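J.: What follows is the residue order along each chain.
Protein chains: 2
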Amino acid sequence: MLASDQRNLALDEAEIYSDTLGSSEDEEIACGLPVSSEKFAKFESLPSKHDHEVFFRECLEILFKEAVFDGTARRNKVLDFKQPAELQEIFDFTLKNKASSHEDLKNIVKDIVKYSVKTGHPYFVNQLFSSVDPYGLIGQLITDALNPSAYTYEVAPIVILMEETVLKEMRKIVGWQNGEGDGIFCPGGSMANGYAISCARYKHFPQIKTKGLHGLPNLVLFTSEDAHYSIKKFASFLGLGSDNVRLVNTDAKGKMNLKHLEDLIEESLKNGDRPFMVCATAGTTVIGAFDPLDDLGMICQRHNLWFHVDAAWGGGALMSKQHRKLLKGIERADSVTWNPHKLLTAPQQCSTLLVRHENILSEAHSANAAYLFQKDKFYDTRYDTGDKHVQCGRKADVLKFWFMWKAKGSLGFEMHINKIFENSQYFYNTIKNRPEFEIVVPEPECTNICFWFVPTSLRTSSSQEFHERLSSDKEYWKKLHTIAPKIKERMMKEGTMMVTYQTHKNKPNFFRIVFQNSGLDKNDMLHLIEEFARLGNDL
Amino acid sequence: MLASDQRNLALDEAEIYSDTLGSSEDEEIACGLPVSSEKFAKFESLPSKHDHEVFFRECLEILFKEAVFDGTARRNKVLDFKQPAELQEIFDFTLKNKASSHEDLKNIVKDIVKYSVKTGHPYFVNQLFSSVDPYGLIGQLITDALNPSAYTYEVAPIVILMEETVLKEMRKIVGWQNGEGDGIFCPGGSMANGYAISCARYKHFPQIKTKGLHGLPNLVLFTSEDAHYSIKKFASFLGLGSDNVRLVNTDAKGKMNLKHLEDLIEESLKNGDRPFMVCATAGTTVIGAFDPLDDLGMICQRHNLWFHVDAAWGGGALMSKQHRKLLKGIERADSVTWNPHKLLTAPQQCSTLLVRHENILSEAHSANAAYLFQKDKFYDTRYDTGDKHVQCGRKADVLKFWFMWKAKGSLGFEMHINKIFENSQYFYNTIKNRPEFEIVVPEPECTNICFWFVPTSLRTSSSQEFHERLSSDKEYWKKLHTIAPKIKERMMKEGTMMVTYQTHKNKPNFFRIVFQNSGLDKNDMLHLIEEFARLGNDL
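So the protein lines, in turn, are chains A and B.
Residue 1 is where the first sequence starts when you use my numbering, and the numbers rise one by one after that.
Residue 1 is where the second sequence starts when you use my numbering, and the numbers rise one by one after that.
To be clear, the hints were calculated from the coordinates, so they are not data collected in a lab.
From a predicted model like this one, the values you see are computed outputs, not experimental measurements.
All the pointers check out, no bait thrown in.
To spell it out: a stretch of chain B is covered by chain A in this simulated footprint if at least three of its residues, at any positions, have a beta carbon under 8 Å from a beta carbon of chain A; those stretches are:
(1) 164–175
(2) 385–397
Simulated DEER-style distance windows between Cβ atoms:
(3) A:N76 x B:E103: 26 to 34 Å
(4) A:Q207 x B:M298: 33 to 41 Å
(5) A:E61 x B:Q88: 34 to 42 Å
(6) A:N271 x B:M298: 41 to 49 Å
(7) B:R57 x A:F93: 30 to 38 Å
Cβ atoms here follow ideal geometry from the backbone N, Cα and C, with glycine treated the same way.
Work out the full structure, taking the sequences as your base and the hints as a guide.
T.: Structural data, given as structure tokens:
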């Protein structure tokens with residue numbers, strides 16, 4: 001099929017500009033460049049078109065085997081860690097004038113895979129994304145093969161209608177009547193939160209779009225101290241200033257303290273600031289806590305504040321009848337960030353901002369560029385949705401998620417969610433009863449489990465004693481603080497698993513393990529637990 | 001190789017959550033879900049693991065054939081246009097509870113390809129991106145198979161070092177000594193321009209990061225009336241206000257008028273505003289004009305203004321000794337936007353912001369999240385570069401471009417650039433001498449050619465007469481204005497090519513054709529010209 005296509009463009013280009021492709025005997029592929037030209041002559045040997053096709057397929061076999069299939073097999077490592085200087089020795093990153101041969105390129109592909117972390121591996125439980133969803137991956141490959149840019153219907157008809165369908169379905173699941181409102185796909189949840197802030201302030205002060213913040217009162221917003229750092233980051237980026245994000249205390253479970261929120265609102269008003277927004281979190285980054293959305297919705301209504309819910313992490317739980325109660329009250333939100341690339345395991349990136357107000361995304365962000373969003377087209381130009389975004393060209397992040405949804409059905413997502421919650425509950429219940437583990441946050445709500453691993457040298461006779469020593473014994477605190485980084489170093493160097501650690505409030509470094517991969521089972525939970533013991537007991 | 005991996009995760013997950021995958025006889029793949037569970041039993045038949053592998057490969061063959069190879073063959077259509085309502089009839093976008101069979105999914109893949117625009121087709125000359133680069137596509141597939149997130153070295157070691165290499169090489173090409181400075185990959189050139197504005201204002205008022213714009217003087221920036229709309233869009237988004245983007249007149253060739261810029265700066269100062277930045281353009285969106293960078297650099301230095309060059313489109317010309325003179329003076333810039341996914345044909349998206357100031361990206365945007373950027377790691381944490389970005393999770397856009405560069409060499413890029421400039425020059429010279437075409441901007445500098453197609457009914461005896469009628473005869477102007485949309489409709493419905501049109505200043509709709517695909521030759525230029533004649537003569 002391929003060899004017959006003598007005028008193929010994708011091949012043509014490569015044949016000219018790599019010393020390993022194309023055939024000087026084939027007039028068809030010379031593409032207008034005279035074969036005798038001086039430049040062309042610089043290349044020594046030009047293999048046939050057949051070689052070219054072979055190269056393509058060989059690269060894919062390497063990827064299938066070493067990255068996707070073997071790469072995610074339990075018997076293989078999660079990573080083969082090298083220090084930066086070492087990696088630069090082994091792997092030739094430098095860029096040269098001359099082209100590379102296909103032989104060299106194949107070795108490069110192998111090395112890229114070898115020295116990359118296998119984020120699809122079952123024991124990559126380090127971040128709020130993991131696993132390889134086969135339908136997600138196929139969806140991604142479709143997107144790449146077609147390479148659309150999601151701004152106009154004329155260029156991306158399938159993508160535009162998929163976005164409409166998926167975003168509406170997600171709004172229905174959030175609980176907005178008939179899926180009312182609007183939404184966009186964003187390059188990450190941070191961007192989605194940024195858009196939410198932009199919409200919220202536009203709602204209160206539409207003149208910001210043209211006049212800016214100059215001359216307006218000092219705008220302040222509220223989020224919990226456990227909220228994602230993107231709220232502060234985007235407050236800076238959007239010109240509001242990170243100090244104008246007022247941090248509300250959280251309780252022991254990581255939930256926003258309502259009384260403190262109301263106090264901070266009062267205080268801001270007294271100071272002459274202008275509160276305009278509350279950002280709640282449904283599934284905090286470290287602890288996985290869900291803020292009390294129902295109550296927050298009512299507070300926002302009372303104070304006329306935009307109510308945003310950052311459900312980038314926890315949003316996936318909405319797919320499960322059993323677990324969606326964690327997000328009770330989310331339907332009160334003005335906007336919701338929800339990343340299918342997290343709990344629902346769509347490939348990177350797949351993040352959405354959903355808004356209840358139908359036209360606000362467009363009103364706040366449109367610029368009506370005459371060269372792209374012509375109004376005299378021969379189709380309904382309301383389908384040219386790109387002007388809602390601050391991006392112009394935009395990767396079609398919807399396709400893979402739509403394809404996964406079509407493949408598995410909503411029921412498939414529900415079973416997936418139920419399974420990973422079941423796994424994490426099992427992991428939690430198991431470590432709770434083991435002497436090497438101490439719990440940071442009891443009764444976790446989401447699939448993040450936070451714990452200390454306590455080596456033999458620091459072990460106490462009971463959890464009670466552990467917590468007493470932690471709060472009274474500074475030396476003990478310090479010693480424990482060094483344990484997680486040491487275990488992390490060992491696990492990375494051995495490549496057996498990846499779990500992240502961090503501090504939180506006044507707590508010494510602890511591990512946060514995260515489950516999104518429903519391919520894991522109870523045996524995996526036990527395996528991970530034993531691996532901690534193996535790596536950490538002697539420290 | 002695949003069938004032997006019984007514990008494969010990627011497969012396991014799918015087997016549980018689709019009614020067409022997995023085998024209930026295979027204990028290994030049950031992943032902890034009891035086979036007899038009520039939910040599991042809802043699925044009727046569970047094909048074997050072998051079927052699963054077959055499905056994967058079959059989807060890839062469809063993509064190879066129908067999207068990549070045949071999809072970009074000249075003998076085939078660029079698109080198969082359907083109106084939105086029609087497409088929704090033909091293609092079932094709806095999402096259901098139940099999973100889909102592999103047979104259904106394969107048909108869906110075929111239909112996605114069928115109704116998508118083939119942006120890799122030689123006659124897709126509609127946007128500032130096009131063509132399928134085979135190495136770029138392989139690079140994209142590697143990225144997808146590994147699914148990294150580019151924030152920390154521990155999760156994306158190869159990607160982080162590729163970014164360092166590529167961005168430094170690009171800075172050297174811009175002309176900054178030893179490649180000094182810093183840079184980031186952004187989800188699109190609009191975002192890159194946004195980052196540039198953010199850095200520029202931070203340089204003048206670092207307190208913006210924490211305190212915001214409140215209480216500061218009214219900040220204004222300058223760009224030409226032909227600049228990309230993202231400058232205004234991000235001025236709004238960043239809280240500066242689109243009115244505070246002061247638009248400098250352009251001359252007949254689309255270049256910024258220096259005298260007018262200086263007048264506007266004066267005027268702003270008189271009004272008590274605070275100028276802080278000039279955004280020049282190297283390759284404007286419609287006309288492809290290059291602003292006089294040397295002069296602009298000197299004006300910026302004199303007025304202490306941040307000098308940004310939006311070379312998203314024209315940046316690729318820096319790769320060619322012959323054409324890089326178009327960007328003479330770019331080395332004076334404080335920051336440069338340069339999108340390899342445009343002139344250099346990297347797959348979507350691949351955009352960079354390069355800055356001459358080493359720490360400013362990090363100073364302006366860092367938030368030091370304790371859960372992600374721990375300082376007590378066992379490797380040099382300066383390689384955890386994610387905190388420079390406003391995104392948190394981030395797709396690794398560098399990999400495909402690095403791979404292309406490795407495959408073709410800088411020389412390959414140079415030949416590519418020279419070829420597409422040669423093509424566009426040939427296209428321009430040919431239409432200049434044909435009576436059906438009238439030139440909008442004489443002597444184009446980049447590979448965009450702007451022209452009117454004049455049907456027989458509106459043809460004049462000379463170009464001079466054409467321009468006279470256009471300026472004196474309102475009816476003639478109106479008639480001509482309707483021609484481009486009509487031709488566009490015809491070409492889309494026939495699917496033979498895609499070329500965009502727009503108005504500009506007081507000109508009626510005209511076409512802008514754009515060349516980035518070095519697989520095209522002079523015969524293609526002639527073919528495109530004849531196609532306009534065929535579609536438009538009788539209008």
